[in-house]
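Input sequences plus hints: build the corresponding full structure.
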Amino acid sequence: MATKYPSEEDVSKFLKASEDLMNLGITFSHNIDSAFLEFKKTLEMMIKSNFVERAVVEMVSNSFDKLESKVKSNLESIVNICTEGGQWYSFYLGKAVGRKVDLPLSRRPQSSVPDVAKVQRDS
Amino acid sequence: MENGKLTDEEVHKFLTGCENLMRLGTHFTENIRNALGDLRKTYDPVLHSNYVDKAVVELLTRSLGDFEKKIESNLEGINKICTRGGQWLVFYLGKSLGKSSEMPQHPDRSFLNEQFKPPATSTEQVQGTKKMRA
Chain A
-6 MATKYPSEED VSKFLKASED LMNLGITFSH NIDSAFLEFK KTLEMMIKSN
44 FVERAVVEMV SNSFDKLESK VKSNLESIVN ICTEGGQWYS FYLGKAVGRK
94 VDLPLSRRPQ SSVPDVAKVQ RDS
Chain B
5 MENGKLTDEE VHKFLTGCEN LMRLGTHFTE NIRNALGDLR KTYDPVLHSN
55 YVDKAVVELL TRSLGDFEKK IESNLEGINK ICTRGGQWLV FYLGKSLGKS
105 SEMPQHPDRS FLNEQFKPPA TSTEQVQGTK KMRA
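These protein sequence lines map, in sequence, to chains A and B.
Under my numbering, the first sequence has 12 at position 19, and the numbering climbs by one with no breaks.
Numbers given in my numbering equal positions in the second sequence, counted from 1, plus 4.
Check the hints yourself; a few may be wrong.
[Said to hold, decoys possible] Label pairs and their calculated CB-CB ranges:
1) B:102 with A:59: 46 to 56 Å
2) A:37 with B:23: 33 to 43 Å
3) A:33 with B:54: 22 to 32 Å
4) B:11 with A:65: 31 to 41 Å
5) B:13 with A:62: 31 to 41 Å
6) A:5 with B:62: 52 to 62 Å
7) A:95 with B:53: 14 to 24 Å
[As the list claims (entries may be wrong)] Okay, derived cross-link-like pairs now, SDA-like style, lysine to any residue, Cα gap no bigger than 20 Å in a straight line:
8) A:33 with B:65
9) A:65 with A:76
10) A:33 with B:40
11) B:17 with A:87
12) A:33 with B:30
13) B:17 with A:37
14) B:73 with A:43
15) A:41 with B:55
16) A:34 with A:17
17) A:59 with A:31
18) A:34 with B:34
19) B:84 with A:72
20) A:59 with B:41
21) A:34 with A:50
22) A:34 with A:24
23) B:84 with A:70
24) A:33 with B:69
25) A:93 with B:14
26) A:65 with A:17
27) B:74 with B:30
28) A:33 with A:17
29) B:58 with A:72
30) A:6 with B:101
31) B:73 with B:14
32) B:74 with B:41
33) B:84 with A:77
34) B:45 with B:34
35) B:45 with A:37
36) B:84 with A:17
37) A:65 with B:27
[Unchecked claim] Residues from chain B that face chain A, not an exhaustive set, calculated with beta carbons under 8 Å:
38) 10
39) 67
40) 87
For the record, the hints were derived by calculation from the structure and aren't laboratory data.
Just so it is clear, CB atoms sit at the ideal spot from N, CA and C, and this is done for glycine as well.
Written out as structure tokens, the structure is:
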């Protein structure tokens, strides 16, 4: 990489690295999901027991439901960024160095990256 | 792009899109952190009250603590990908296009593929990424 343009080998390595990076993001998201389910299991057992007063069970449950919905929607979005965003990145990097790369849009008719999709349509 | 080449405008749009996407990722992690904070606000008073048996308080406190630690460490990982990782992605796309790109401010590449060895910064290639997009 001493020259201005990266070598084929460097590009391959970087494409692999960026793919690994996105996979790492997905793994982190799955870890959060697993931790969440683990905590949910413990909490549900406690709520169903007689060790928690009925008066607070509803409050605790509502609070947890709110957390669940927020965590799920945000995790879903993070996974989308890592999968679709990563594919678009590989596509553009591949294009930039003149490689034939599959268009992610062909696999997903509705892209979640509108700006990129627009670039595609405009071209 | 029909002939396989990217125009400057396309590159600019893509880099902006990439930056926005990474910013969005950081925003999503922040939302999860805030949601966890909200849960704490409800759970702490409950755990300190007399409405929950002491044995359960201990168990729930420990369980919640473990849960928070796991969430925090994984969110931190996602954040690094979105901030530092995102900067490297932009840097290498610029390099691939033969444009002068500035090395990311955080030279921590530990989260990138081990076999990948980015170049040392040379004086001729150091120009702002923003300039590159201009």
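Verification of the supplied hints:
One distance hint, 46 to 56 Å for the beta-carbon pair residue 102 of chain B and residue 59 of chain A, holds here, with the actual separation near 50 Å. Checked against the hint of 33 to 43 Å, the pair residue 37 of chain A and residue 23 of chain B passes, with Cβ atoms roughly 41 Å apart. Distance hint check for residue 33 of chain A and residue 54 of chain B: the Cβ-Cβ separation is about 25 Å, which falls inside the suggested range of 22 to 32 Å. The hinted window of 31 to 41 Å between residue 11 of chain B and residue 65 of chain A holds, with their beta carbons roughly 39 Å apart.
Between residue 13 of chain B and residue 62 of chain A the CB atoms are about 40 Å apart, so this pair conforms to the stated range of 31 to 41 Å. Between residue 5 of chain A and residue 62 of chain B the Cβ separation comes to about 53 Å, which falls inside the hinted range of 52 to 62 Å. For residue 95 of chain A and residue 53 of chain B, the Cβ-Cβ distance of about 57 Å falls outside the hinted range of 14 to 24 Å, so the restraint is violated. Straight-line distance between C-alpha atoms of residue 33 of chain A and residue 65 of chain B comes to about 13 Å, which keeps the hinted pair within the 20 Å bound.
Distance check on the hinted pair: residue 65 of chain A and residue 76 of chain A sit about 16 Å apart at the alpha-carbon level, within 20 Å; holds. A C-alpha spacing of about 13 Å is found between residue 33 of chain A and residue 40 of chain B, which places the hinted pair at or below 20 Å, so the restraint holds. The suggested pairing of residue 17 of chain B with residue 87 of chain A holds, with an alpha-carbon distance near 16 Å, which does not exceed 20 Å. Distance hint between residue 33 of chain A and residue 30 of chain B is unfulfilled; the C-alpha atoms sit about 25 Å from each other, more than 20 Å.
Proposed proximity of residue 17 of chain B and residue 37 of chain A is contradicted: the alpha carbons are some 47 Å apart, above 20 Å. Between the alpha carbons of residue 73 of chain B and residue 43 of chain A the distance comes to roughly 28 Å, so the proposed pair goes past 20 Å and is violated. Note on residue 41 of chain A and residue 55 of chain B: the hinted pairing holds, with a Cα-Cα distance of about 14 Å set against a maximum of 20 Å. Under the criterion of a C-alpha separation no larger than 20 Å, the hint pairing residue 34 of chain A with residue 17 of chain A is inconsistent with the structure, at around 26 Å.
Proximity of residue 59 of chain A to residue 31 of chain A is assessed by CA-CA distance (about 17 Å); at most 20 Å being required, the pair is judged to hold. Under the criterion of a C-alpha separation no larger than 20 Å, the hint pairing residue 34 of chain A with residue 34 of chain B is inconsistent with the structure, at around 24 Å. Our distance criterion of 20 Å between C-alpha atoms is met by residue 84 of chain B and residue 72 of chain A, whose separation comes to about 15 Å. Between residue 59 of chain A and residue 41 of chain B the alpha-carbon distance is near 12 Å, which keeps this suggested pair within the 20 Å criterion.
The suggested pairing of residue 34 of chain A with residue 50 of chain A holds, with an alpha-carbon distance near 15 Å, which does not exceed 20 Å. For the suggested pair residue 34 of chain A and residue 24 of chain A, the alpha carbons sit about 15 Å apart, so the restraint of at most 20 Å is met. Under the criterion of a C-alpha separation no larger than 20 Å, the hint pairing residue 84 of chain B with residue 70 of chain A is consistent with the structure, at around 16 Å. Restraint check for residue 33 of chain A and residue 69 of chain B: satisfied, since their Cα atoms lie roughly 13 Å apart, inside the 20 Å limit.
Note on residue 93 of chain A and residue 14 of chain B: the hinted pairing holds, with a Cα-Cα distance of about 17 Å set against a maximum of 20 Å. Note on residue 65 of chain A and residue 17 of chain A: the hinted pairing holds, with a Cα-Cα distance of about 18 Å set against a maximum of 20 Å. The straight-line distance between the Cα atoms of residue 74 of chain B and residue 30 of chain B is roughly 17 Å, inside the 20 Å bound, and the hint therefore holds. Restraint check: the Cα-Cα separation between residue 33 of chain A and residue 17 of chain A comes to about 24 Å, which exceeds 20 Å; the hinted pair is violated.
At roughly 39 Å between alpha-carbon atoms, residue 58 of chain B and residue 72 of chain A are farther apart than 20 Å, so this suggested pair is violated. Among the hinted pairs, residue 6 of chain A with residue 101 of chain B is consistent with the structure: their alpha-carbon atoms are about 16 Å apart, no more than 20 Å. Distance restraint check for residue 73 of chain B and residue 14 of chain B: the Cα-Cα separation of roughly 41 Å exceeds the 20 Å cut-off, and the hinted pair is therefore not satisfied. The hinted pair formed by residue 74 of chain B and residue 41 of chain B meets the criterion: a straight-line CA distance of about 14 Å does not exceed 20 Å.
Annotation: proposed proximity of residue 84 of chain B to residue 77 of chain A holds, straight-line Cα distance about 18 Å (limit 20 Å). A distance of roughly 17 Å separates the Cα atoms of residue 45 of chain B and residue 34 of chain B; the hinted pair therefore holds under the 20 Å criterion. About 19 Å separates the Cα atoms of residue 45 of chain B and residue 37 of chain A, which keeps this hinted pair within 20 Å; it holds. Between residue 84 of chain B and residue 17 of chain A, the direct Cα distance comes to roughly 11 Å. Compliance with the 20 Å bound is thereby established for this hinted pair.
Taking the CA atoms of residue 65 of chain A and residue 27 of chain B, the gap is near 19 Å; set against the 20 Å cutoff, the hint holds. The restraint placing residue 10 of chain B at the interface with chain A holds, with a minimum CB-CB distance near 6 Å, inside the 8 Å limit. Residue-level restraint check for residue 67 of chain B holds (minimum Cβ-Cβ distance to chain A is 5 Å; threshold 8 Å). The interface hint given for residue 87 of chain B is violated, since its Cβ lies 12 Å from the closest Cβ of chain A, which is over the 8 Å cut-off.
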